[in-house]
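Chains as they are written, first to last, in my numbering: chain A, 37 to 142; chain Z, 345 to 464.
If you are wondering where the hints come from, they were derived from the structure by calculation, not from laboratory data. Predicted model only: the values in this text are computed from it and were never measured. Please note: incorrect hints may appear among the correct ones.
As the list claims (entries may be wrong) - Heads up, simulated EDC-like pairs for lysine to aspartate or glutamate below, C-alpha to C-alpha not over 20 angstroms straight-line:
| # | chain 1 | residue 1 | chain 2 | residue 2 |
| --- | --- | --- | --- | --- |
| 1 | Z | K387 | A | D104 |
| 2 | Z | K445 | A | D104 |
| 3 | Z | K445 | A | E141 |
| 4 | Z | K355 | Z | D433 |
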Amino acid sequence: DIQMTQSPSTLSASVGDRVTITCRASQSISTSLAWYQQKPGKAPKLLIYRTSILESGVPSRFSGSGVDTEFALTISSLQPDDFATYYCQQYLDYSWSFGQGTNVEI
Amino acid sequence: QLQESGRGLVKASETLSLTCTVSGASISANNPYWVWIRQPPGKGLEWIGSVYYSGSTHYNASLESRVSMSVDTSKNQFSLKLTSVTAADTAVYYCARAIRKLGMLPLDIWGQGTKVTVSS
Numbered sequence: 037d038i039q040m041t042q043s044p045s046t047l048s049a050s051v052g053d054r055v056t057i058t059c060r061a062s063q064s065i066s067t068s069l070a071w072y073q074q075k076p077g078k079a080p081k082l083l084i085y086r087t088s089i090l091e092s093g094v095p096s097r098f099s100g101s102g103v104d105t106e107f108a109l110t111i112s113s114l115q116p117d118d119f120a121t122y123y124c125q126q127y128l129d130y131s132w133s134f135g136q137g138t139n140v141e142i
Numbered sequence: 345q346l347q348e349s350g351r352g353l354v355k356a357s358e359t360l361s362l363t364c365t366v367s368g369a370s371i372s373a374n375n376p377y378w379v380w381i382r383q384p385p386g387k388g389l390e391w392i393g394s395v396y397y398s399g400s401t402h403y404n405a406s407l408e409s410r411v412s413m414s415v416d417t418s419k420n421q422f423s424l425k426l427t428s429v430t431a432a433d434t435a436v437y438y439c440a441r442a443i444r445k446l447g448m449l450p451l452d453i454w455g456q457g458t459k460v461t462v463s464s
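Looking at chain Z on its own, in the form it has when it is part of the complex (with noise of 0.2 angstroms):
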C-alpha cells in the first residue's frame, strides 16, 4: 500500500513537500520505479517524475528545473518537493508503483491522493 502524506496548503511561491511511504513490502522489492502523478481539480492526470529505488531520478521536462525527488530506503519512503508553487500547482497528487512487465512500467498500485492547494 502506498499513503501519501504532506501539508494541504501551501503558499505561493514556497515549496510543496510531499512524502509517500510504502507499507506491506520493501520499497526496492521487484526493483520498482516510484511515481508521483498530479491532477487539477476537474482535468487529467500529469506525470510529474520518477524515482528509480536506488535514486536515479526522470523529470516531466515542463517542471524539471522545480521538482526533485529522492528515496528514503530506511523509513520506505520517497518523497516530492516541488519548488516556487503557484495556483497552477494546486492539485490532487498521486504516488505509485511501476514495475517492469512485459518491457514497459504500468503504474499498478496507487495512493489514495492527498490534495494540494497553493494560496496567495
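So that you can see chain A by itself, here it is in the shape it has in the complex (with noise of 0.2 angstroms):
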C-alpha cells in the first residue's frame, strides 16, 4: 500500500499569508495526486487534481506541484474562507489512500 505523509499537521497562520502544505508518498506515483479541502461537518471538496490542475470553480490562489513523491499545495493568499484541514490523496492501480490532514487554523 501507498503511504501519504502530509505536513505539518497543524499550521497556523493569517489572513493574507501565503501559505504550503507538503504531502511526501511512500513510492513514486508520478503525478496522480489531488487535494481536498474539509470544513467541520462537511464532506471533502475537490481542489486540484493530476497534481497542479484545478477544479472548475476553485480561485486561483490555490496551487499544486510536485512530481514523483514530494507534493504541495499552496494557497497565495489566506483567505477567510480558507481555514480548514487539507488532505492529499494518491490514485494508483484502482486503490486510493489520503494523508493525514493539514488543519490550518487561524
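Work from the hints to combine the two standalone chains into their complex.
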C-alpha cells in the first residue's frame, strides 16, 4: 500500500499569508495526486487533481506542484474561507489513499 | 447529487449496510467509479473500496475480508456492506464519484456523509 504523509499536521496563519502544505508518497505516484478541503461537519471538496489542475470553480490562489514522491499545495493569499483541513490523496491501480490531513487555523 | 442512507446504529458483530442514491444523472454517466470512504471521529479519511458502474470492485486490503459493494442501475444506487463490525468501524461514511480526468480518478462529487455508530 502507498502511504501518504503530510506536513505540518497543524498550521497557524493569518489572512493574507502565503501557506504551503507538503505531501510525501511512500513510492512514486508520478503526478497522480489530488488535494481536498474539508470544513467541520462537511464532506471534503476537490480542489486540485493531477497534481496541479484546478477543479472548476476553485479560486486561482490555490496551486499545486510536485512529481513522483514530493508534492505541495500552496495558497498564495489566505482568505477567511480557507481555514479548514486539507488532505492529499493518491490514486494508483484502482486504489486511493489519503494523507492524515493538515489543519489550517487562525 | 449523492445521498447516503442506512442504519445509524449497528450492534457489534452485525453487518453495516449503506446505500448511496445518485440523483440528477444516470449512475453510468461518464463511466464512473463509485467509492466509499469513511472518517472516524476526529480522524482522517480512509478509502474503503470502489465499484465500477458495470459492477467490478476493488477493496482496501485492510478491509477486504469484510467488505462487499454492488451497483443497482435500475434504482440508480450503489451499496456497501461491512460484516462483523466493531467499535473501530464507528465513523462518518461518505459515498463519492470518481471519473477519469487526465488519467487519474479524483473524487469530484461527494455525499453529505452519514454517521454510523457501532454499539456493544
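Pairwise hint evaluation, Z:D433 against Z:K355, where the allowed Cα distance is 20 angstroms at most: Judged against 20 angstroms, a Cα distance of about 11 angstroms means the pair holds.
Z:K387 paired with A:D104 [C-alpha distance capped at 20 angstroms]: violated, 26 angstroms
20 angstroms Cα cutoff - pair Z:K445, A:D104: holds, 18 angstroms
Hint consistency between Z:K445 and A:E141 [alpha-carbon to alpha-carbon, up to 20 angstroms]: violated, 31 angstroms
This entry does not satisfy hints 1, 3, going by the numbered hints stated previously.
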